[in-house]
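2 protein chains.
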Amino acid sequence: MISKLIDKIQKTGAPIVVGLDPKLSYIPGRILDRCFGEKGKNPEGAAEALWQFNKEIVDSVCDLVPAVKPQIAMYEELGIPGLIAFKKTVDYCREKGLIVIGDVKRGDIGSTSESYAVGHLGSVEIDGQKYSGFDEDFATVNPYLGSDGVKPFIDVCNREDKGIFVLVKTSNPSSGEFQDRLIDGRPLYEIVGEQVEKWGQMSMDGSYSNVGAVVGATYPEMGKVLRSVMPHAFILVPGYGAQGGKGKDLVHFFDKDGLGAIVNSSRGIIAAWKSASYSEFSDGRVGDAARAAVLDMKKDICDAINF
Amino acid sequence: MISKLIDKIQKTGAPIVVGLDPKLSYIPGRILDRCFGEKGKNPEGAAEALWQFNKEIVDSVCDLVPAVKPQIAMYEELGIPGLIAFKKTVDYCREKGLIVIGDVKRGDIGSTSESYAVGHLGSVEIDGQKYSGFDEDFATVNPYLGSDGVKPFIDVCNREDKGIFVLVKTSNPSSGEFQDRLIDGRPLYEIVGEQVEKWGQMSMDGSYSNVGAVVGATYPEMGKVLRSVMPHAFILVPGYGAQGGKGKDLVHFFDKDGLGAIVNSSRGIIAAWKSASYSEFSDGRVGDAARAAVLDMKKDICDAINF
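Line by line, the protein sequences are chains A and B. Each residue of the first sequence is one higher than the one before, counting from 1 in our numbering. Each residue of the second sequence is one higher than the one before, counting from 1 in our numbering.
Pulled out of the complex, with its shape left as it was, chain A reads as follows:
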């Protein structure tokens, strides 16, 4: 699967993923009114608004980017109707030819991780027929439980040509509380990074592995170290834009060919229509604003890495 992602990055010239993390506050009144009118002022109506909002964005940016990253928490917040909107979003993005990274941050003991892996990346067989649960292309995975929590995901990746990104160094301010603590003189995130490289050997797909890593744009120096600790791990980089990261900070996340990393922006793209920088779209043209924001982000990053 990572080779498919690399191929799409090369075709679009954009090592960019659009984070589909909608909140009701990002959605213009015309969409909210229509959806609450259709489904009621309730979680069903709110979930419909998330989905219709996503659709406008996806329709506007699907020719520009290789991938999207829906954050399942934003949907799970609304319970079952929200998760139905998540599934609709995943399916629609795949229909539009986008690679879908499910930002689910799952991870558990072995037999339980296997269920998560099957639900998000694989399929269950009932009476000889296969059924997929959510069917993303990649999922993000939490490493705290160690190898037996991660390997069931790798097994499913190998069986179904899917991929994962393991949390190594997250983009949030308190990520250092545990991740930066020194073990034999080296921070925990490096120890986890080394393990990601080892796990990666179990699922190589070209020069990179289907086992990638999450490293926040907000920690560029650590990105530099981790790039060399994990030479075969593609890096998913959250934290660009609204969280503070800029293109020039990200140079060392990439390899010499401008590959090896893909940068996510969520709010900066999907809520661009509300931002002062894109005030020409402030009448609720979410798709046009998202498109403009993607083009600006592409220029910022590609200029920095000469891609």
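To be clear, the hints were calculated from the coordinates, so they are not data collected in a lab. Just so we're clear, the structure is a prediction, and the values are computed from it rather than from any experiment. One should not assume that every hint holds.
The list treats identical chains as one, so a pair stands whether inside a single copy or across any two.
Derived DSS-like pairs: lysine-lysine, alpha-carbon spacing no greater than 27 Å straight-line [said to hold, decoys possible]: (1) Lys130 x Lys88; (2) Lys151 x Lys23; (3) Lys96 x Lys248; (4) Lys198 x Lys96.
Given the structure of chain A, go ahead and fit chain B onto it with the hints provided.
Relative to the frame of chain A, chain B by itself:
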């Protein structure tokens, strides 16, 4: 919320939680046939079977135990129909007066953790009315992202009188890979445990906090240390029975009053009808076998801790 759990433990005399982690292989043919007949041989039929299986177990044990712990992965594996069965299970258990610990192991950056916290423990407000997503009483939380990933859960706990159990030392064989690594001479799980104690101060509810900890039954020596590192954290103890833990190993997880911990068993109870120890129920009497297994587990633990 932790005071409600303690009250229920005292009333039932059973510091026991039944893990509702059903797999199709645990479900007798009579339930599978009925559900596949009603809903089709597909994920809807399979999810109906999980739910009807759970209902038989809950009906048989609800007077004996204070709480249940559905593991959401087992439901998420089946996609949306599975999650509907999860929600039905949560609602039914609460109707029966059981405290529901959602074993969801969520955790993300701040704003995203807030969505998970709202979806599992809180409610969204739409047009002045509140709607709950899954509405468990407790949720399990992964600490890898640090304080800003955990605090949104604590805020919701305080607002809605709910609780969490933070993963400290998990029960699986490879949990030591990161959790046991030494930081300034002390294992990571102790550092996390110390932080759990600090987080706990933000949500005290009697002698214990609404912020508890997960410590595996399979590591009794570590349970002893962690009991003293986290004097205000109630400990949720997975790994009893099928994973290897026994009552006598668990003495030090408890305080001097026989409180301070609650022990989970999943397979050992819900699949007891398939085990050689309960062969008198092997004709598919899942509820009767579960009841017998709960009573045996209660005796094993209460004898060990003199509760």
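Okay, the hints, checked on the actual structure:
1. Lys130 x Lys88: Both, since 19 Å and 25 Å are each at most 27 Å.
2. Lys151 x Lys23: between (33 Å within a copy, 20 Å between copies)
3. Lys96 x Lys248: neither (31 Å within a copy, 57 Å between copies)
4. Lys198 x Lys96: Neither way: Lys198 and Lys96 sit 34 Å apart in one copy and 47 Å across, limit 27 Å.
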